[in-house]
Amino acid sequence: MAMLNIENLHANVGDKEILKGLTLEVGAGEVHAIMGPNGSGKSTLGYVLAGREGYEATSGSVTFDGKDLLALEPHERAAAGFFLGLQYPVEIPGVSNLNFLRTALNAQRKLRGEPDVSAADFMRLARTEADAFDLTMDHMKRGVNVGFSGGEKKRNEMVQMALLAPKFAVLDETDSGLDIDALKTVAGGINRLRSPERGFLLITHYQRLLDYVKPDKVHVLSGGRIVRSGGPELAHALEREGYGELAA
Amino acid sequence: MNALPIPTRRDEAWRYSDLEALGEVWPSGVVSERIDVPAGETRALTLVADAAQPVAVRDWTVTIADGARLDLHILNLGGRYGRVALDVTLGEGSHFELGAAQVAGGKTTLEIVTHVRHAAPGATSRQTVRTVLAQQATGTYLGKVAVDRGAQKTDAAQSVKAMLLDRTATANAKPELEIFADDVKCAHGATVGELDATQYFYLTSRGLPPAEAKRLLLHAFLADAFAGMDDAGARETLEAAALAALERLA
Amino acid sequence: MAANEQALALAKEQSKYKWGFSSDIESDFAPKGLDEDTVRFISAKKAEPEWMLEWRLKAFRLWQGMESPDWAKLSIPPIDYQDAYYYAAPRKKPTLKSLDELDPEILLTYQKLGIPIEEQKVLAGVEGARKVAVDAVFDSVSVATTFREELKRAGVIFLSISEAIREYPDLVKKYLGAVVPVRDNFFACLNSAVFSDGTFVYVPEGVRCPMELSTYFRINAENTGQFERTLIIADKGSYVSYLEGCTAPQRDENQLHAAVVELIALEDAEIKYSTVQNWYPGDENGKGGIYNFVTKRAHCRGDRSKVSWTQVETGSAITWKYPSCVLSGKDSVGEFYSVALTNNMQQADTGTKMIHLGAGSRSTIISKGISAGRSNNTYRGLVRVGPTAEGVRNFTQCDSLLLGSECGAHTVPYIEVKNPSAQIEHEATTSKISDDQLFYAQSRGLDREAAVALIVNGFAKEVLQQLPMEFAVEAQKLLGISLEGSVG
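Protein chains in written order, with our numbering: chain A, 1 to 248; chain B, 1 to 250; chain C, 1 to 488.
Derived by calculation from the structure, the hints in this document are not laboratory data. It is possible that part of the hints are untrue.
Stated by the list, open to error - Taking lysine-lysine and the BS3-like style, the derived pairs with C-alpha atoms no more than 30 Å apart in a straight line are:
id : chain 1 : residue 1 : chain 2 : residue 2
1  : C       : Lys-353   : A       : Lys-16
2  : C       : Lys-461   : B       : Lys-153
3  : B       : Lys-185   : C       : Lys-432
4  : B       : Lys-185   : C       : Lys-236
5  : B       : Lys-153   : A       : Lys-141
6  : A       : Lys-153   : A       : Lys-42
What the hints assert, rightly or not - Covered stretches of chain A, going by a simulated chain B footprint (3 or more residues, C-beta under 8 Å):
id : segment
7  : 35 to 44
8  : 74 to 81
9  : 212 to 221
Unchecked claim - Listed below are several chain C residues computed to face chain B (Cβ distance under 8 Å; list not exhaustive):
id : residue
10 : Arg-208
11 : Pro-210
12 : Glu-212
13 : Ser-400
14 : Gly-408
15 : Asn-419
16 : Ser-421
17 : Gln-423
18 : Ile-424
19 : Glu-427
20 : Ala-428
21 : Thr-430
From the three backbone atoms N, C-alpha and C, an ideal C-beta is built for every residue, glycine too.
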């Protein structure tokens, strides 16, 4: 069975049905990209998978690593190895980035029955990853995303992903708002983390990121369901021809 | 000592008070104190008002002389009723800093009542009050900044935030300005609400269990009140006591 | 004098009432002073049914046991309620032979406001002007008739409250005092006993009132007293915009103006109520001027109903006024946009109350206070969230602008929240016009007063743009005029 298996998923935001029978499989070691026009349900998919309140799966199933993902609380999904990188990372004044990450990492390990990471090991890890994504230790000591530029917020998401080392990551428009250098940094990070044990689902509006992170498969999401799937060449076709025809 | 009749709800400064509890200590149990900071000097004071005294009513008169500074940090936890009233008069070029946190559950009533009078030019004041309320608790901030005629270049700020954890709790705020000089900067902001749902989701999506995410957010919320403290040891003491009070709410 | 005959007939019919001054019924005003007979006189004069008289008497008896409120930041000289007239001739205007006799300052104000010369005469109380004005400028009969026809076709009832009491007693009985109860406060209670006239509007279900309604027209048809009573009911899904123009500077001695305005919005209904208040503020030494003690309240009773108050307050010696919203409908909306300008010795204590009882109810408060001269200007507001009101939102912004170092600007916001899902935000700032701003405007060719007016209008813009177009233009001019002489 694939690592992430989404079967005929229907989901509501409030009273409105956004996902209307979405089916998707991503295997371990694979990178898939989901593309689609605005309002097609891309971000909703990410939130439903991560378990955000107000984003409610009404029917269908999601199996992750053999578990019923939808039955888990958000933090249990994280501990199970699921990660969602947000399109708009949240600012949390007063909670330092480092403290947050360390607390999150150890909470996950605890739920998995693993021992805490020592303070020294954690600091070493944090320093390395911050460095890898061009963030300073000052960024790490500040409140979560507080006073970060748009690009810095996205890179901070990557630092968190690298530190938490999930089995599967959904990255929601991580490429939007990045200049070309930052885009390369982020793509380099994703490529570094690619491994036979890890899967990725890249949600994106443009194929730009896919020039740097080669996907195994590309899917087109429209009207709340996957309307087309193909290889990397599909992304180029979309870029040339737009969504209109392909999504029709 | 205090021949005054007991206040009623019609008295502005007592409109949200637990008057029944007050009745048990009025008037002799009201702790009146004076703090006078001489010209040019700097003082820092901290107060933890906890359940050791079930009904604690404090009435402080504070003067901060020309060029002096007072840093006052208060953690108001209370037993049944905890009130701290401050009547502060600022001299020329002086500064008053108040950082106060209130945490209550049960049927506790807590209040911070301030009257900060800018009596001379060039003084500054900052008031930061954070309140977390659960169960049937009531938390109040009544804060008046008064700027006398001629107290030009006054700079006064009040930041008041309250968070309610249960439907049965009550938060009251009245950040008041009374201004008689034109070249002043006076601002206040007040919010009341619950835990930010987006922040909460963000934390849990990274693996923090609900209780931990809540604790972290509440702690950060209260820590605002003590952020400016120079004395790291004193700050840690207040933060630890605040955190312990939060734990007791759960 | 059809109304008088009617009154007499009524008085005879109801012989169980004792009329201490029957001879006075013939005259145009009640004798000085206030007792039960005054109330009976007014009621009889208006040919009111008995239930209305009972209502008034009940109010009067309550009022006798009440006290004038003292919590506002106002210094109100004691008012002798026996030393006033309660019916007709409420404003004892001196009769002038021509506009030349008018205080030149007031004349200047009229001219600046662009008020037509004949209308100026009416406002100033020049002898013989009324007829001219009625015929040539505000042919109130035909104006009223024209609009009444059009409104009638839409089903909108727009009448004086006296007419409504006679013609639509069921509606009036049902809603009068439903929002502002008789015993609500001292001034509202007094109004309930002695209100002389006012406006009644009923907009039926689903009707969008085809025009903006205004007291302006009606006041020209019938001179209303200083105790006005306004009742507006917007039935399900209807909409009405109502303009209250007290835009005429009145030449007055200190005089009490205690109006009551009640608005009721049922399901999906919307009421927009705009006021430009420019009663005579007294002279620069604080002599004369109106005491404007007004109770205005809306009940957003229906789900998704909305009431929006917009006020520009530049007049009156003392203003005590808090247009409020009781938001009991689910997802109902209350708005309060206010500019209050005080100059010379004026005092204003004004603001709003937003009482959130319905789930999902929202409110916005934008208050801009401008203080000049030796005046005092207070914003006083309350935002209250009841324990069962889920998901309430409020945003409040209170800004004060001080012109000169002898005035006062005060902000007194009360926030009372009993539901954790509420999001309440309140911000306040205080500023003055900076020398940089003034210099900049002046360097571009504006004189000092024009520069100040420009900056003040910018400060008040968020509120002014809520007003209907012609009102906004007038309000802008007013702000400039009211400030003249206040900047050195």
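Checklist entry - If you check each hint against the structure, which ones fail? => result Violated hints (numbers, rising): 1, 4, 5, 7, 9, 10, 11 and 12; every other hint is consistent with the structure.
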